[in-house]
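Those sequence lines, one after another, are chains A and B. So the first sequence is numbered by this note's numbering: it starts at 271 and just counts up by one. So the second sequence is numbered by this note's numbering: it starts at 3 and just counts up by one.
Since the hints were made in silico from the structure, they are not lab data. Just so you know, these numbers come straight off a predicted model, no measurement behind them. Glycine included, every Cβ here is placed at the ideal spot set by N, Cα and C. There's no promise every hint is true.
As the list claims (entries may be wrong) - A few chain A residues that face chain B, going by a derived Cβ cut-off under 7 Å, partial list only: (1) Gly428; (2) Glu462; (3) Ile466.
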Amino acid sequence: MSKILVITSGKGGVGKTTTSASIATGLAQRGHKVAVIDFDVGLRNLDLIMGVERRVVYDFVNVVQGEANLTQALIKDKRIGNLYVLAASQTKDKDALTEEGVKKVLDGLKDDGFDFIVCDSPAGIEKGAQLAMYFADEAIVVSNPEVSSVRDADRMLGLLASKSYRAVNNMPSIKQHLLVTRYAPARAEAGEMMSIEDMMEILAVPLLGVIPESPAVLNASNSGQPVILDQESDAGQAYADAIARLLGEERPLRFLTVEKKGFFSRLFGN
Amino acid sequence: MGLLNFFRGKKENTAKLAKERLQIIIAHERAQNRPSHEFLPKLEKELLDVIRRYVQIGDDAVKVKLDRDGDVDVLELNIVLPDQVAKE
Chain A
271 MSKILVITSG KGGVGKTTTS ASIATGLAQR GHKVAVIDFD VGLRNLDLIM
321 GVERRVVYDF VNVVQGEANL TQALIKDKRI GNLYVLAASQ TKDKDALTEE
371 GVKKVLDGLK DDGFDFIVCD SPAGIEKGAQ LAMYFADEAI VVSNPEVSSV
421 RDADRMLGLL ASKSYRAVNN MPSIKQHLLV TRYAPARAEA GEMMSIEDMM
471 EILAVPLLGV IPESPAVLNA SNSGQPVILD QESDAGQAYA DAIARLLGEE
521 RPLRFLTVEK KGFFSRLFGN
Chain B
3 MGLLNFFRGK KENTAKLAKE RLQIIIAHER AQNRPSHEFL PKLEKELLDV
53 IRRYVQIGDD AVKVKLDRDG DVDVLELNIV LPDQVAKE
């Protein structure tokens with residue numbers, strides 16, 4: 271049984287694509303067959319974050335419009351078996367996506383035996399974002415601890431509850447998860463940043479994970495390696511924890527407190 | 003002021019301010035976006051039609067507003083009648 275997972279946020283730049291890449295990669299590392307789809311038609315970037323930008327021949331819109339089949343358009347990841355990327359079109363108009371077209375592709379992936387289909391939503395609440403979440407079974411709403419991001423996340427949660435296939439057809443609602451990214455424990459402790467408790471109180475959605483602000487994220491995108499592959503890093507480990515929780519395992523939250531530097535590390539640096 | 007703040011210790015807690023502002027605006031926006039609000043334009047139009055059977059009023063004479071006061075939904079109707087009718 272395939273599960274459709276949407277990564278969404280409303281606001282741009284909060285880490286949807288970074289999260290999509292790491293969630294998809296992490297699920298595949300756990301042995302699941304995973305496809306990750308870029309819904310940002312016209313502004314594709316998932317291919318870069320996944321490091322497959324030079325291997326895109328056919329894209330999502332080509333499949334929707336019948337110019338290529340799924341086998342031709344799915345880019346197989348070279349690092350992890352069972353992981354496939356479907357790039358967005360860079361040239362086509364964003365109106366190229368339709369509800370029927372998206373359904374056709376998702377049904378095709380289900381028939382091919384994919385366990386998880388991860389939909390990387392564009393920013394905003396326009397058509398691309400609506401289609402990315404429309405057929406979802408579960409949603410990961412990504413938010414930074416910052417006012418505009420939290421407000422948009424709340425708006426998105428409302429849309430997930432009212433404007434999806436599940437909502438329109440009176441089916442059990444989309445399972446919602448909150449993923450907080452770019453969390454800086456020191457700033458939260460100093461009262462300069464909303465805490466995880468503050469965000470959970472406002473949004474009232476179960477917490478899937480907290481990704482700390484980390485230089486590893488930029489390093490990862492620079493090199494086209496999803497940050498979850500960097501298990502030395504705090505962000506990579508935090509994504510691995512989120513994957514475990516997504517699969518129903520219990521994991522304590524990490525990286526929420528300021529690391530007290532010991533005398534020697536202060537003396538000798540790190 | 004730098005020196006003074008240094009001795010006073012803490013800076014202003016902006017995280018608390020952010021949380022308070024968000025709680026207010028989000029409560030307001032959730033109320034606005036609730037599906038129950040979708041019937042309001044239709045209700046407004048039908049009320050207008052009914053009243054027009056008895057009194058000629060303008061298109062903007064009926065205002066319907068749904069608010070939330072604690073646990074209670076408050077439906078507010080505001081109907082402006084023309085002067086001569088009001089006098090009769």
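Each hint tested on the structure:
1. Using the Cβ-Cβ criterion of 7 Å, the hint placing A:Gly428 at the interface with chain B is satisfied: the shortest such distance is roughly 5 Å.
2. Interface restraint check for A:Glu462: the shortest CB-CB distance to chain B comes to about 6 Å, inside 7 Å, so the restraint holds.
3. Interface hint status for A:Ile466: violated, as the beta-carbon distance to the closest one in chain B is roughly 11 Å, over 7 Å.
When held up to the earlier numbered hints, the structure conflicts with hint 3 and nothing else.
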